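Going line by line, the protein sequences match chains A and B. Residue 123 in our numbering sits at position 123 of the first sequence; the count goes up by one each step and never skips. Residue 105 in our numbering sits at position 105 of the second sequence; the count goes up by one each step and never skips.
Source of the hints: derived by calculation from the structure; they are not laboratory data. For clarity, every value in this text was computed on a predicted model and none was experimentally measured. Worth double-checking, as some hints may not be accurate.
[To be verified] As a list, the in silico SDA-like pairs of lysine to any residue whose alpha-carbon atoms are at most 20 angstroms apart:
1) B:K109 x A:A172
2) B:K109 x A:S256
3) B:K35 x B:L120
4) B:K109 x A:E269
[As the list claims (entries may be wrong)] Derived, one-sided and incomplete: chain B residues facing chain A with beta-carbon distance under 7 angstroms:
5) Q65
6) F90
7) A110
8) P112
9) G127
Glycine included, C-beta positions come from ideal geometry on N, C-alpha and C.
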Amino acid sequence: MPPIAFETQPPSSPSSKWSRVTHSFMVMCLATLGLKLVNGASAQVPAVLSGGPPVQVVPYVSEPGVPSLTITPGTANPFAGADGSGSTGTGSSAGSSGGTGGNVGDSDALSTMLGTTWGGTAVSTAASLGVNPSALAATCVLESGCQNIGGSGTVAGAFQMTASTYTAMINAAVAQNPSLASTIVPGLAGQMDPTTESIAASEYLLQGAQYLQNQGITDPTVLDVRGYYNFGPQGGAQIANASPNQTMASVLTGYSAATLAANGITPSETVGQWQASVSAKIGNAASQSVLNS
Amino acid sequence: MVTRKVNLLAGLALILSCGSAFAQVYTKQILTGYKCMMLAQQWGGQGPVPPPVPVYSGPHPNAEQVGIAGGTVIVPSTGEPNDGRMEMLFPNGRKVWIDVANIVPWHSKADPTSMCRPVLLSNGRYGTDGGR
């Protein structure tokens with residue numbers, strides 16, 4: 001085998017569409033800063049307490065037409081900063097397009113899950129299985145907005161797992177950590193118990209990341225594992241190792257144009273655009289590692 | 001004037017802070033002396049997934065399995081099989097071996113005119129881009 005030789009290649013110039021995405025993102029960031037500055041100037045209270053939700057300002061003079069808002073305290077985020085700038089992923093993050101997703105922002109994914117009654121337990125479970133809680137949170141945000149809902153066929157729950165996948169994963173998780181057995185809702189009823197399904201979903205992420213590691217992919221990210229589950233073991237690795245400017249059609253070598261179209265992939269869609277569409281929904285959790293190291 | 005500068009700096013700081021979620025990967029270097037091939041049994045999103053294709057630490061029959069091949073594999077441009085196995089480059093840079101019967105020349109079903117070029121990506125992975 002020859003020694004690895006390189007030709008110097010400058011970063012590819014962004015496409016015009018990517019430039020638009022970048023521009024949109026910057027606009028979104030500036031808008032976010034603007035909101036933060038306004039809030040900071042007018043409220044004069046700490047934006048977030050380390051142990052809970054933002055402090056509510058209690059008006060002593062009511063303003064006509066303004067609804068009364070009540071913030072229900074959720075679980076304090078034990079991973080402050082986990083979704084923040086300390087991203088540990090090394091994978092193919094592409095960022096946010098800043099216009100299509102409802103969950104764009106540094107800690108939205110984890111915060112969304114922690115805003116549920118079961119989120120805190122799910123975080124602990126994920127960590128006990130060696131899974132980054134932000135990766136688990138990103139999964140429920142993408143699948144259901146972290147709502148415990150039904151789905152088509154046997155798909156159900158906050159993580160929208162099929163009955164067969166759920167059963168296989170919950171069994172594997174309990175085999176890996178027998179102490180979990182006493183905490184789960186047995187049978188398929190567990191699929192609609194978010195705490196129980198979160199265990200199965202954590203195992204699912206764990207196995208996906210480990211499969212990618214077996215394919216030589218160091219430190220799989222949330223985006224990498226998403227590609228693995230959306231496009232299979234071969235396609236997942238192909239996307240994880242592809243330059244963002246390649247089209248999905250060229251990278252997913254085994255897919256026909258018809259199958260790609262059925263999966264919502266247009267002929268000109270690039271890997272970077274697909275990654276951006278996922279990132280737009282989960283923020284920078286997309287580039288974080290799936291596995292706790 | 002000062003206000004304008006402050007605003008400019010604030011905007012710049014914000015853009016930089018938002019950049020944490022915008023770490024676009026790019027082709028860092030082209031790998032010369034290598035070419036793309038792919039697994040002979042491709043999965044196209046339907047039907048049963050083909051069995052995983054093992055990769056080994058060496059060409060000899062008793063070499064240990066060290067992993068599984070992805071859909072696209074990177075091999076030396078002029079490499080010859082050794083004991084029925086071809087050396088290939090794993091995404092993490094490790095040199096491993098794959099049964100030559102399991103790989104075929106690279107081509108894309110949905111985009112037959114596309115090309116594949118082995119590269120080193122900016123995230124440190126050995127992967128591909130579509131250079132022609």
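Tested hints:
With a CA separation close to 36 angstroms, the supplied pair K109 (chain B) and A172 (chain A) exceeds the 20 angstroms bound. Taking the CA atoms of K109 (chain B) and S256 (chain A), the gap is about 6 angstroms. The hint holds against a cut of 20 angstroms. At most 20 angstroms may separate the alpha-carbon atoms for a hinted pair to count; K35 (chain B) and L120 (chain B) meet this at roughly 13 angstroms. At roughly 16 angstroms between alpha-carbon atoms, K109 (chain B) and E269 (chain A) fall within 20 angstroms of each other, so this suggested pair holds.
Residue-level restraint check for Q65 (chain B) is violated (minimum Cβ-Cβ distance to chain A is 9 angstroms; threshold 7 angstroms). At its closest, the beta carbon of F90 (chain B) sits 3 angstroms from a beta carbon of chain A; the interface hint therefore holds under the 7 angstroms criterion. With 7 angstroms as the threshold, the beta carbon of A110 (chain B) comes within range of chain A, its nearest partner Cβ sitting at about 4 angstroms, so the hint holds. For P112 (chain B), the shortest C-beta to C-beta distance to chain A is roughly 9 angstroms, which exceeds 7 angstroms, and the interface hint is violated.
At about 3 angstroms, the closest approach between the beta carbon of G127 (chain B) and any beta carbon in chain A falls short of 7 angstroms, and the interface hint on this residue holds.
The structure does not agree with the numbered hints 1, 5, 8 stated previously, though it agrees with the rest.
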